[in-house]
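Enquirer: These are the residues of each chain, in order.
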Amino acid sequence: MILEGKKALVTGGSGVIGRAIALALHHAGAEVAITYYRNRKGAEETLQAASGDQRRALAFRVNLEDRAGIDQLFCEIKQAWGLFDIFVSNAVSAPCRSAMDLPLRHWDHVLNANLTAFLHCTQRSVELMAGRPGAVVAISSLGARRCAPGYAALGVAKAGIEALARYLAVELAERNINVNVVCPGTVETPALNAFASVVPDVHEYTQSLLQQTPDRQAVAPDEVAAVVTFLCSPLAQRIRGQTIVVDGGFSLRM
Amino acid sequence: MTPMPTDREIYECVRQAITAIRQDLGDRLTLDSELGQELGLESLDYVDIEFRLETTFGVEFFHGSALEKLSELLAPRQLEEDGLLTADGAAVLRLRLPEIDPDRLRPGQPVAGIEAKFKPQTWVRVVKELVQARPQRCPSCGSERLEVTKPSLLRCAGCSAELRSPDGEECLAVWASRLPASLEQRAESRTG
Numbered sequence: 026m027i028l029e030g031k032k033a034l035v036t037g038g039s040g041v042i043g044r045a046i047a048l049a050l051h052h053a054g055a056e057v058a059i060t061y062y063r064n065r066k067g068a069e070e071t072l073q074a075a076s077g078d079q080r081r082a083l084a085f086r087v088n089l090e091d092r093a094g095i096d097q098l099f100c101e102i103k104q105a106w107g108l109f110d111i112f113v114s115n116a117v118s119a120p121c122r123s124a125m126d127l128p129l130r131h132w133d134h135v136l137n138a139n140l141t142a143f144l145h146c147t148q149r150s151v152e153l154m155a156g157r158p159g160a161v162v163a164i165s166s167l168g169a170r171r172c173a174p175g176y177a178a179l180g181v182a183k184a185g186i187e188a189l190a191r192y193l194a195v196e197l198a199e200r201n202i203n204v205n206v207v208c209p210g211t212v213e214t215p216a217l218n219a220f221a222s223v224v225p226d227v228h229e230y231t232q233s234l235l236q237q238t239p240d241r242q243a244v245a246p247d248e249v250a251a252v253v254t255f256l257c258s259p260l261a262q263r264i265r266g267q268t269i270v271v272d273g274g275f276s277l278r279m
Numbered sequence: 003m004t005p006m007p008t009d010r011e012i013y014e015c016v017r018q019a020i021t022a023i024r025q026d027l028g029d030r031l032t033l034d035s036e037l038g039q040e041l042g043l044e045s046l047d048y049v050d051i052e053f054r055l056e057t058t059f060g061v062e063f064f065h066g067s068a069l070e071k072l073s074e075l076l077a078p079r080q081l082e083e084d085g086l087l088t089a090d091g092a093a094v095l096r097l098r099l100p101e102i103d104p105d106r107l108r109p110g111q112p113v114a115g116i117e118a119k120f121k122p123q124t125w126v127r128v129v130k131e132l133v134q135a136r137p138q139r140c141p142s143c144g145s146e147r148l149e150v151t152k153p154s155l156l157r158c159a160g161c162s163a164e165l166r167s168p169d170g171e172e173c174l175a176v177w178a179s180r181l182p183a184s185l186e187q188r189a190e191s192r193t194g
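Taken in sequence, the protein lines are chains A and B. In this text, residue positions in the first sequence follow the numbering used here: the first is 26, and each later residue adds one. In this text, residue positions in the second sequence follow the numbering used here: the first is 3, and each later residue adds one.
Where hints are given, some of them may not hold.
As the list claims (entries may be wrong) - Straight-line alpha carbon distances no greater than 35 Å define the calculated DSBU-like cross-link-like pairs of lysine-lysine that follow: (1) K103(A) with K66(A); (2) K71(B) with K66(A); (3) K66(A) with K152(B); (4) K71(B) with K119(B); (5) K152(B) with K130(B); (6) K103(A) with K119(B); (7) K71(B) with K152(B); (8) K152(B) with K119(B); (9) K103(A) with K152(B); (10) K66(A) with K130(B); (11) K119(B) with K130(B); (12) K130(B) with K71(B).
Everything labelled a hint here was simulated from the structure, so no lab data went into it.
Looking at chain B on its own, in the form it has when it is part of the complex (with noise of 0.2 Å):
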């Protein structure tokens, strides 16, 4: 198995899928800068870096509406209404987007362009969470030597078994599963 890369690796490699399609980001660019409304980066730039970083670390990420797909997880619970952030959809948020500046994931703010605030930091911790979720070990013949072979896929190279890692959708449901406890103690520390 290769080694787990370091934040600073994944930032590199951030780095470099973003300044191939945006060359005159130069020195701009840095771990916390807004992607869209800071650097103008686009929808279908974000389809074009995400494939690069699929490509490189041989994860792949959700590509749905997250907060969509977490409505479902979270539900009853609603996290959008109208088109707008809840309270809860505002706690869910700032959670799983730690990077960004709370106050810019506030309730009543439109859910389109929420995007638009995602830093290349975003995209090296849900990396991070991908490369971690893989499996350590061939469940078959107790080999550690795993390689990627396609986003979300690995081969044993003891017995050639294809193990598949848990993809971006996937990692989106654990990450929710641990999630509710940790919204009753933001509900509870807002009252208190």
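Bound-form chain A, shown alone (with noise of 0.2 Å):
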């Protein structure tokens, strides 16, 4: 199994994709731990089916716009693993509001409890993969690059997550720590409901997103998590600070 011996940790595991992301970590012989916030049910079921082989997984709970939590969070991981070797960021926080109708509260909401929380979540992974290679990769979305209905400010701290994530790739290259971020298309999602108050039918709008792809599929859990696993192995040692597109081709149509 190639990532035999590692330890990985997978924030927002309780939703559809961390889920995906933990199971294929764990299947590939990672062991792993995951945070949740408001979605305990969700982290339970992941728990449970990423568990087996000895291999127990841990759930955090921790909200990560509290930057005292996201520390107490590291204090726990290093108490239960010591060292550890994968982080991927994956929990996503954010309201669907146009720009101009974006209290500032929630603009700071967003940029906190996305970016920032993945700068300061990485900073102290490192700690904790102390000297030993390792693997940094981020989840963003094609609202980075293009508009989606109520998507500013995620798609803003998206960006800077693409971006903060090259800069990193660079900084920790001498470390062996190589940082990518996975770029996923339309993946059907409950998250997708989200859209239900700037788009007049969520279904309509999703199958709009789908006539787009060259294929009308959708992007599966599964084949993110794919990319993800790919890019945690040492298969991809030679990839640093990419944003790997998984969208079917949605993102290639003019």
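Mind assembling these two chains? They're in different frames, but the hints should get you there.
Expert: Here is the structure:
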């Protein structure tokens, strides 16, 4: 197994994509810890699925907007594991609002809970990689480069994550830690319901996105997870600071 | 064990949590203000306020849909249909949210947006329910010196044992388990 003996932390492991990533890393041999905040039931499902072969998955409840909470998370991971090897920044928290309607407190929330949390968690993760080779993968979205309804704040945070990943990739290359980003297209998850406040019909909106995809298929969570797993593996050692788009060709069309 | 906070003390913390993110509310905020429709708070604000209250009181709210959870717990009773409150749904919510005017929780109302009717009083009641549900003494050594270390987690100062305190989901389940009798009574009083 390509990640045998590795330990991996995945934020937002209670959701559909986070669970798929945690399970893919587990199946590749890694021991997995996830974070969650509001969806404990989802976290328990992931834990159950990602345990086995004497590898018990761990779950930590943390609000990624809370910096003291992030520090506490890494203290607990250090206690549980000592060191670890892989950090996947997947958690998302954002309202769906157009830029002109966005209260500034919500803007601050989105940048703190997404972009700043990515930096903070990566800093703490690298401390616990302690000179060993490691991998950091962040999940972005097409809203970082294009415009989706109500996506202004999160789009900016995701664009920031992609830019930050490039800087981190350069800074951490000498430590043999590679940093990359995976950018999924349309993945059918309950998170799409957030668009209900900005589009007349979420189902129709999702269908229109799929119509623009060359094969008219949604991206499966496992397909995103497979790319994340590859980027965490030694096979991707020379890939640094890249954003890999997994959208079935959606973004190729004019 | 720290003493049980009074309603007034809990309300003061709720008020501080709300005004920390909405300084402009000032004197407009009362125990009875409607948070969404009257004061314009949104679901993301609720996340922030609940985090502050969880940190202050060492409790953990239930973050899922209470109506969905209650539907599971009270099955086969149907609390919502096609996104609208049923008669049972309205009756259950009126009991669960006594601080909200019953006329604001009528059968046929959309389920979406019920949170907007919450009041500071709603959180006062839920915090109180969670704090009251905590174990009062350590089952291992009998000590009453229990300290909150994290939301829903206590440590016994006597023997260092870790104890779980019921969280919002568990408290909701306990509440629902006592509900059917009162619901029947309600149905009888409607027909009577």
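Enquirer: None of the hints should be skipped; say for each whether it holds.
Expert: How the hints compare with the structure:
no.	hint	verdict
1	K103(A) with K66(A)	25 Å, holds
2	K71(B) with K66(A)	11 Å, holds
3	K66(A) with K152(B)	19 Å, holds
4	K71(B) with K119(B)	19 Å, holds
5	K152(B) with K130(B)	17 Å, holds
6	K103(A) with K119(B)	43 Å, violated
7	K71(B) with K152(B)	24 Å, holds
8	K152(B) with K119(B)	29 Å, holds
9	K103(A) with K152(B)	18 Å, holds
10	K66(A) with K130(B)	24 Å, holds
11	K119(B) with K130(B)	19 Å, holds
12	K130(B) with K71(B)	20 Å, holds
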